[in-house]
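J.: Listed below, chain by chain, are the residues.
Protein chains: 2
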Amino acid sequence: MTAAQTAASAAAERILRAAIEVFAESGYGGSSTREITKRLDMSATAIYPHYASKEELLYAIALDGHRSLLQALKVADANANADGADHTTRLKAVVAVFTSWQAENRKQARVVQYELHGLTPSHYRAIGALRRQTMGFMAGIITAGVAADEFHVDCVDDVVVAISSLCVDVCRWFPSRQHNSPHKLGAVYADIAERMVR
Amino acid sequence: MTAAQTAASAAAERILRAAIEVFAESGYGGSSTREITKRLDMSATAIYPHYASKEELLYAIALDGHRSLLQALKVADANANADGADHTTRLKAVVAVFTSWQAENRKQARVVQYELHGLTPSHYRAIGALRRQTMGFMAGIITAGVAADEFHVDCVDDVVVAISSLCVDVCRWFPSRQHNSPHKLGAVYADIAERMVR
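Just so you know, the sequences run in chain order A and B.
If you're matching positions, the first sequence starts at 7 in the numbering used here and goes up one per residue.
If you're matching positions, the second sequence starts at 7 in the numbering used here and goes up one per residue.
Derived by calculation from the structure, the hints in this document are not laboratory data.
Each hint can be trusted.
Which copy? The list can't say, so a pair holds if one copy fits it or any two copies do.
Restricting the straight-line Cα-Cα distance to at most 30 Å, the calculated cross-link-like pairs of lysine-lysine (DSBU-like) are:
no.: 1; residue 1: Lys190; residue 2: Lys80
no.: 2; residue 1: Lys60; residue 2: Lys113
no.: 3; residue 1: Lys113; residue 2: Lys44
no.: 4; residue 1: Lys60; residue 2: Lys44
no.: 5; residue 1: Lys113; residue 2: Lys190
no.: 6; residue 1: Lys113; residue 2: Lys80
If we strip away everything but chain A, and leave its shape as in the complex, we get:
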């Protein structure tokens, strides 16, 4: 990367972070790119070299969020696997990270989960493909656990949806009076997910 490219990439990242704040506060439909640039003390047109429209910005937020979560789950599983863990340990490690990711990145997660209706059909399909990858990744662990007679479930897909729901919904309510540590909540939800499959 040249110095100019690095600077452009840093600006794009700053715009993306500001857009998450604005969309999370006012909703995607109630926000304008002008509010985003204003927050960054940029001119109204400074956004366009990086994102051609408000929708492109929403798409970039959704792509970044889905990729970052999927990557975090894969790293958690790889770390568990490196220790030669059983499938229960793998599942718990992945659920703990899924949960804490939603807690830590709750503003981005809310935009990602609740504002997808703002995407163009082709962008929506691209995000749908990433979501299916994430679900498939979770399904792989549960299927392996069932095959090893470690897990006992009626329907793998139902359990995947249920565990994902449990984790995703964290972005809606976190923090609460009872929970303000993403890490501790991750441990609690890992135990609950274990109950769902054993």
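Using the hints, position chain B against chain A.
T.: For chain B alone, kept in the frame of chain A given last:
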């Protein structure tokens, strides 16, 4: 009720239903009361005798949604109790109805769950009180099950949040390729909730 009151109440109900559609499609922030009256072929000012502002309309939707859900849960439990059911049967009946309510009323549920930031602080507190009632109702069943040695959980409040998350998140994704029957999904989620407590 006089005939005039009945007509006013029917108009208020029609406006509320149209507002749910509009808010669910464009987000609360991205919607105007004008879009709502337009959809009903009403004049732009016809809304005000019923709802003084867009925020009043959001509050009415949230009140109606929370009250209707809580009432449905209470009826499900009363029916199970009338049969002298054990706590597992009670919990399953309540979770099944919680789930199917979210599936059937998913547009209203999304507005209720995702757009609460649009409420004034005093309206937000009123809705918060209703939410705590709903959580308290679920906690009552689980606490009774623990006391009867039917349920074994580490922390009642954590399980209540987890089961509520499982059910609430249905409004985000329902229907899917796999599930398009609110009733069948309710039965699946009742079984999953049972696993969380036994």
